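Novice: So the chains spell out like this:
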Amino acid sequence: MPTTLSDEAAIAGIGVTAFNKQSGVSELSLAAQAISAAIDDAGIKASEVDGLASYTLDSTDEIEVARAVGAGDLTFFSRMNYGGGAAVCLIHQAVMAVATGAAKNVVVWRAMNGRSGRRMGRGVSGDIASSDIIHWSWYMAYGMLTPVSWVAMIAHKYMHQYGVTSEDLGRVAISQRNYAVTNPRSLFYGKPLTMEAYMASKLIAEPLRLYDCCQENDGGCAILVTSVERARDLVQKPAIIRGVSQASTRGQEQMTSFYRDELASLPEMELAARVVYEQCGLGPQDIDAACLYDAFTPEVIMQLESFGFCGRGEAVDMVREGALDIDGRLPNNTHGGLLSEAYIHGMNNIAEGVRLIRGTSGNQPGKAVNHVLVSSGVGVPTGALILGTDRA
Amino acid sequence: MVDSHRIKPPQGEDNHWWWELAQEGVLSIQRCVACRHLRHPPRPMCGECRSLEWDYIESSGRGTIASYTVLHHPRFPGFEYPLIIVLVELEEGTRFTSQLLQCEPDEVQFDMAVEMVIHEDPDGFRLPMFQPVGVA
Ligand SMILES: [Zn+2]
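So the protein lines, in turn, are chains A and B. The first sequence maps to residues 1 to 392 in this note's numbering. The second sequence maps to residues 393 to 528 in this note's numbering.
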């Protein structure tokens, strides 16, 4: 029995649908298309898929998906809560399943008509079916209903404490847009963002503006996880899962952790970092590129500190020095991320992490990329993933 | 004039008492009977000592702004925009998320002293809000 999750599994396939504002098809169709693409990318038979897992927020059931794509007998299925926090956590589920033999080929996915159907940015009013409705009650009555409003409260404190300006947030938005401009999958393909346009964009939840927020769109993305040995026999260069973690810390609320002593940091992301680094014996110095969860620009800046790329309050200096750009210390979200490629709840950031390891990103950095860090949702129970090249 | 379509807080076993006190004009803070720890938002069990027994204290309503945001979009019925949402550090030591009244968005400051006022909607629903100390 393995004692850690390090080097037990690999990502052998990634699949995406087109990203757009109106898919014109059901979310089940998007899920089936993304999963089908991941299966083909890996070069396995659909009947070999024996594990499926997705977000609690996803509307497509495992067995519906299984019938749609012609999966075989299922011996592992699972669901993960907490919105975008689920992204890396699903990889964690898949690795546990593969490492223990619960399943051999696990596909995780997210498919959403996030613009033409249920828009995340419309917040928690109306259509709530979650068990934490009482938690939301403290915010709903005051009109604090949207993800951007909850993030703004923490981000504002952080910015105030460490002298981070609107222009600094703009630097993150522009860095990621620059990647999206050359990415044909991106909703902002060929559409650059200037600092003037950023600063002129409307205020949403101060200090956050329109371009500090991720997009709302339709689309699907799927990731296929299998054993390292199997991955080596398949079509693609394996992205070895060097480490993967889940993390929630004391006093955590979903998006509204306003009652802990310290407001200007991300304790659960620090835990995710500590666990994943310990698991594989790597540290921030070993990470060549990243896909840091980026539903909102300040989350990217704060995570640079959570993952130890710099000290407390120093992340803004990294941003100003261009660390996140293609030739910087830590090229980040080289596909454009949730801000500028598409918002598939973080799943598409994992797909880009895999491309960076394969060397096939449309914005592949010039330097060698041996390790890529991917994180999932910020302000929620979350996780961190380190992908590596195959050293065998 | 804002209509009275404010989204009402969903209420259950663990929080209805708090909103009932708010209707009486009280900003309450749950307190553990066993270890006296104050906690907000309310929960059925004390995270410090696991006691199920609790009562509450009435907050003085005085505090300072720990953080804030000014909401512009999207706009929901029943709320006036720009909408200033504050995280108040109450002098009792717990925090409370609320709305700031009697203050322009560009005049809000971190650590500003605020005091509680009971706001009443046109339909009679009451909830604690805050205003800068010293405004009429
Ligand atoms: Zn107690």
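Heads up, a few of these hints could be off.
Cβ-to-Cβ under 7 Å is the rule here; a few derived chain B residues that face chain A [to be verified]:
| id | residue |
| --- | --- |
| 1 | L479 |
| 2 | T489 |
| 3 | Q491 |
Some chain B residues flagged as far from chain A (calculated, every beta-carbon gap over 10 Å) [stated by the list, open to error]:
| id | residue |
| --- | --- |
| 4 | L413 |
| 5 | C427 |
| 6 | H429 |
| 7 | Y448 |
| 8 | E499 |
| 9 | L519 |
| 10 | V525 |
Keep in mind that the hints were calculated from the coordinates and are not lab data. Predicted, not measured: the structure shown is a model, and the values here were computed from it. By construction, the Cβ of each residue, glycine as well, lies at the ideal position given by its N, Cα and C atoms.
Novice: Out of the numbered hints, which ones does the structure contradict?
Specialist: Hint check: 9 fails alone, others pass.
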